[in-house]
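Chains as they are written, first to last, in this note's numbering: chain A, 1 to 259; chain B, 260 to 547.
Because the hints were derived from the structure by calculation, they are not lab data. Think of the CB as a built atom: it goes at the ideal place given N, C-alpha and C, for glycine as much as any other residue. Warning: the hint list may mix true and false statements.
With the Cβ distance kept under 10 Å, some of the chain B side facing chain A (calculated, not the full set) [unchecked claim]:
| id | residue |
| --- | --- |
| 1 | L287 |
| 2 | A347 |
| 3 | L348 |
| 4 | F361 |
| 5 | P374 |
| 6 | A376 |
| 7 | V378 |
| 8 | W384 |
Interface residues of chain B toward chain A, partial, derived using beta-carbon atoms under 8 Å [unchecked claim]:
| id | residue |
| --- | --- |
| 9 | Y271 |
| 10 | R342 |
| 11 | P351 |
| 12 | I355 |
| 13 | G367 |
| 14 | L420 |
| 15 | R439 |
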Amino acid sequence: MPGMYVPDETVVHRLDPRAKLAVALVLMVLPFYAPSVAGGLLLAAFVIGIALLAKVPLLSLLRTIYTIFWIGFVMFFFYAFTTPGEPLVSVGSISVTLSGLLAGGVLIYRLCLLVVISSLLTYTTSPGQLAHGLEATLSPLTQIGLPVPEVSMVMTIALRFVPTISDQVDRIMTAQRARGADPTGNPLERVQSWVPVFVPIFVLAFQRAEQLATAMEARGYRGGSQRTSLRQLHLSWHDAVAALVTAGMALVVVGASYL
Amino acid sequence: MHIELLGVSHTYNAGTPLSHMALHGIDLAISPGERIGILGPTGSGKSTLAQILAGLLVPTAGKVRLDDVVLRTRSSRTRSRRRRIGLALQYPEEQIFEQTVFREVAFGPKRLRLPRAEVEQRVHWALNRVGLPPETFAHRSPFTLSGGEMRRVALASVLSLRPDVLILDEPTAGLDPSGRRELLDLVNELHSETQCTLVIVSHDLGQIVRVVDRAAILNAGQIIADGPVRAVLSDRQTLANAGLSAPAPVVLLHRLEAAGWPVQTDRVLPEEAAAEIYRAWQARGGRP
């Protein structure tokens, strides 16, 4: 699965999840503030630099970009045809414009960066760390009545079961194929061929949820802010460096657009 | 159907950091009507092998030949061969999705686009075969049945395809001893009625001898022993190498032999071992 967590010991993997969340957030906002080509390229290079530092195979990054291929393609198409300006090629009453191609290109650049940055985050941060980091980051919101620990527990559990359920989907699909289910034929038949997969998955998911709830209660789980954590988060000088470098990067990119 | 595996290897997630080689250079030939057990510890590649034998997984290296056809993913000849192989995965009751037992078991035959009368006849045959009389069970919801009954429904839904080759992956997992015994009896009756090829994947060494004649031991993706089931199961050394422990009767007989008793050590079932020990006891003149 693209963007799935792969355990490693690189600097990026060992950063505090809170620092990584903050860096990722800044990096994801930046593409929208980088109208100059130089700033944009610099930002892209910075992100690729992080990927190299985290030892993410570039092929698997390309694979994550592929997941948004069709959305990107359709949107590029719309931008190219609907942006007013000097027509380059005309098809009937609609025409491709230069500014349309540019706007489409910028859009794709932003989409790609968003996908790459978020998958870098999930690639280098285990789901548990991620949830822990989010909980710590959002904890001030308990002051205004948001049930942050509960939400974080729900999120941890949801993330935890993504691979489990995806394994189950594989297994059930194999089982149904063994009895002659074949995802071919007309569109109606294809939709119908998902029923033998989804019904068992839902049944299993509900069973699992019930078991998990019982197991948690049996071990004395109670939601609420009184809970402590086995692994305390500690900021180190690595995190400070990462934050400073990202802040510097942001200044340069934003500054470049005012030159 | 004749099944032949030549140098089959399979790697999951090939080319990623999570790549994992499940099978390594497997050669295996299974003749029509044969009953073979694939035995091995957890993670030895048994389930992967079962899926490859069923033609559902195309191995990353090596050849799978079903009669004269070499398996490929999308050829229609592959599909027609695959249809003659039935596979029940581990915990097959998890695949149940229909509203009634009848419709569940009829799913496969309907996908084969058989005439309605034929579908009905097959469902009735399969349900009777697994010991669930259609009169009482056909119109019940499968989700109201007990675990053992659900497993039988799932098994019936594979049998209704009338496969030439039946592959069962851990058919007795999670059943109580009497449930296990009943299921194996059922498999035996089925084999004597249909003469289908039977491949049973299991780590339950003690019971497997009731249903197969031949056994292959799989360890870390390689076949380390293949032969008559009693010979394989009484070879304690090879079993130990695979991290398996020999069936309790075999261990007992080996100990008696070491103590100087004139016993044959290839008696795998408790009742056979008991008879053998009694025979040896009498041969010693009834002395302990």
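Failing hints, ascending?
1, 4, 5, 6, 7, 8, 9 and 15
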